[in-house]
Amino acid sequence: MADESSRKTPQLTETQRQDVLQRVMEHYTVHYDVILKKLDHAQTATNISMEAANDWDMKVIGQYDSAWKEIIQMFQTCGITQEELFEIEKILDTLPESIREHFERLIKLDKILQTMMITLQKLNFKDAMKTISEVQAGPNPLSGLTSDEYEEDANKGKQPAVKAFKISKYK
Amino acid sequence: MAFQFSDLSILIVDDDPSIREITAAVLRKLELGRIDTASSGEEAFELFKKHNHSLIITDWQMEPIDGLELIRMIRRQDNGSPNAQVPVILSSGYCSDDAIEEIRASGVNELLVKPYSADDLIKRVVYVLNRPRKFIKIENYFGPDRRRRTSGEYEGPERRQGEESDG
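First to last, the protein sequences are chains A and B.
According to the working numbering, the stretch in the first sequence is residues -7 to 163, in order.
According to the working numbering, the stretch in the second sequence is residues 135 to 301, in order.
Extracted from the complex, chain B is given alone in its bound form (with noise of 0.2 Å):
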């Protein structure tokens, strides 16, 4: 695949030292404008308010702000965030049907299950940025829209109550 990186920036953030490197090794591959790395989601969160990052990719488990509350952190308007809409890819290998609920009320865009290949991470870091998603404010809700598959043949009202679209 052939993409122009040189304008993006990334946060990753992973409290593993050996995987947040290697991670950072992978993108750097694609000639990223620039990369940064946080080992918890204090240190992201102060990292994303100076630089703004096009994209972050962050894993759930992390003490004492996990992956999810980084994400909650982010897509609040009233604390700093400099983007409550930018793109979020979590990692994690925990797949539940619980887990994933919680997942998908944290306002993420995509998961990353682990264990993954660089061609996996770099699939869905170009995925992400290729296809932004229309950001919806509900009552518990701020994230990017969970539906992804429509069909074009529904025709009745809009059911989905007190929505408002940031996208």
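Okay, chain A solo, but in the shape it has when bound (with noise of 0.2 Å):
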């Protein structure tokens, strides 16, 4: 077994890996639940306001409304990574009025997912990623291969899920 002092990250005890490996883990379990929880607001939102709209409104409140399908579907027969939760959020963050109101009023209504909201908060996400995009940033040390080249291959001849949806048409 190597010793203490060889390591790629000499900076992480065993202890302070496993912490951060887990807190980063755990976030996208909670993320993932939270988004597909917002998703189903989203969808019900878009259909109280698609009562309510006219003709022009309905042709953007339709675009989300078949978005939604899409997006719930991918979550129930693909894998969804952790970039595209990110992604998909910023599609819930920016919805028209029309939908927001409805959507928000939902939220706050979910008090299951403002619980999930704040268990997230708390996983300092931020700081742990921050450590292990610098333990991932150089090469594999065993195929030599960079996290992107090892995301180019996965994603050759594949349709990127969420870019499928043409996301800036929705925004």
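The set of hints was computed from the structure by calculation and includes no laboratory data.
Fair warning: this is a prediction, and the values are worked out from it, not measured in the lab.
Backbone N, C-alpha and C fix where the C-beta goes; we use that ideal spot for every residue, glycine too.
Check before you lean on any hint, since a few could be wrong.
Said to hold, decoys possible - Interface residues of chain A toward chain B, partial, derived using beta-carbon atoms under 8 Å:
| no. | residue |
| --- | --- |
| 1 | V12 |
| 2 | T107 |
| 3 | G136 |
| 4 | D140 |
Stated by the list, open to error - A few chain B positions that, by computed beta-carbon distances, are all more than 10 Å from chain A:
| no. | residue |
| --- | --- |
| 5 | L164 |
| 6 | N186 |
| 7 | P198 |
| 8 | G214 |
| 9 | N217 |
| 10 | V247 |
| 11 | L255 |
Stated by the list, open to error - Pair by pair, the computed Cβ-Cβ distance ranges are:
| no. | chain 1 | residue 1 | chain 2 | residue 2 | range |
| --- | --- | --- | --- | --- | --- |
| 12 | B | S173 | A | K103 | 34 to 40 Å |
| 13 | A | E6 | B | P266 | 28 to 34 Å |
| 14 | A | N116 | B | R282 | 32 to 38 Å |
| 15 | B | P216 | A | Q65 | 31 to 37 Å |
| 16 | B | N274 | A | T138 | 28 to 34 Å |
| 17 | B | Q195 | A | D32 | 24 to 30 Å |
| 18 | B | R162 | A | K103 | 23 to 29 Å |
| 19 | B | Q211 | A | T36 | 54 to 60 Å |
| 20 | B | R282 | A | M50 | 50 to 56 Å |
| 21 | B | I272 | A | E141 | 51 to 57 Å |
| 22 | B | D212 | A | K103 | 35 to 41 Å |
| 23 | A | E62 | B | N217 | 35 to 41 Å |
Join these two chains into a complex; the hints should help.
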């Protein structure tokens, strides 16, 4: 077994490594559930706003309605990365006024979601991710491949799920 | 990324229950067909013999059988291992030159350096499953071909001695 002094991350003890890993992974699982719940509320809010919409509003709102269906379907059948969760969150943060009003009301009423969001904040994700980014910054010591090369290869021939929804169209 | 994981099974091996469970929780979000967890190399090998998983993710530091010893057991073909070529990802914070040599010689497919994010884990799983590596058998080694990058320009003779391809 390698000695302590020759580790790639000499500034981290085994306990610190486990703690950072645990917090970031837990953030992913809670964030995943938060986004799924928010999508459910966004879908309900979209349906409510459709009832009072005029023809022009219907065009815009209809796009959101299709987007929620596609994204929720993706959660049920595919792998969603942390990066994609943040991309979906951006869509949820820039909803048109007619949907947002109902969406925010539904969010406030959902006590379980509120608790989950508090849990997310307590995980100190940004600090933990900064440490991970430093550790993962260089090439993998076994393969020589960088994070980008792993990602490029994993995406070869695949449809990047969230990008497929042309997010900018909904902003 | 959009991938279908429903036909796959993964075995997670770690003696730290919190890491084992959070890793399983992350991978459950991928809608995998089956996820098993084991707290030791012995338990992992028994589960592997029973379920012949599509992929194994193991920690290095465990007792009495550590992650590298588990990989050696899996790669042997005379002890009931149901698939000596199953892809294995090793997670470790130990990355000295000596450690890397030891890891490389064990027949591991990929190394995930600790600490890593959920995305690092997910992307590595997808990479390993998308890119099955050719297996080779030489005098003291049976495992995935360790040569990753090929320029395609080399036209000389094969210099590795005694190679048998199992890929």
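Here's how the hints hold up against the structure:
no., hint, result
1, V12, "holds (4 Å)"
2, T107, "violated (17 Å)"
3, G136, "holds (6 Å)"
4, D140, "violated (10 Å)"
5, L164, "violated (4 Å)"
6, N186, "holds (22 Å)"
7, P198, "holds (14 Å)"
8, G214, "holds (27 Å)"
9, N217, "holds (21 Å)"
10, V247, "violated (6 Å)"
11, L255, "violated (8 Å)"
12, S173/B with K103/A: 34 to 40 Å, "holds (36 Å)"
13, E6/A with P266/B: 28 to 34 Å, "holds (32 Å)"
14, N116/A with R282/B: 32 to 38 Å, "holds (36 Å)"
15, P216/B with Q65/A: 31 to 37 Å, "holds (35 Å)"
16, N274/B with T138/A: 28 to 34 Å, "holds (30 Å)"
17, Q195/B with D32/A: 24 to 30 Å, "violated (41 Å)"
18, R162/B with K103/A: 23 to 29 Å, "holds (24 Å)"
19, Q211/B with T36/A: 54 to 60 Å, "holds (56 Å)"
20, R282/B with M50/A: 50 to 56 Å, "holds (53 Å)"
21, I272/B with E141/A: 51 to 57 Å, "violated (27 Å)"
22, D212/B with K103/A: 35 to 41 Å, "violated (58 Å)"
23, E62/A with N217/B: 35 to 41 Å, "holds (36 Å)"
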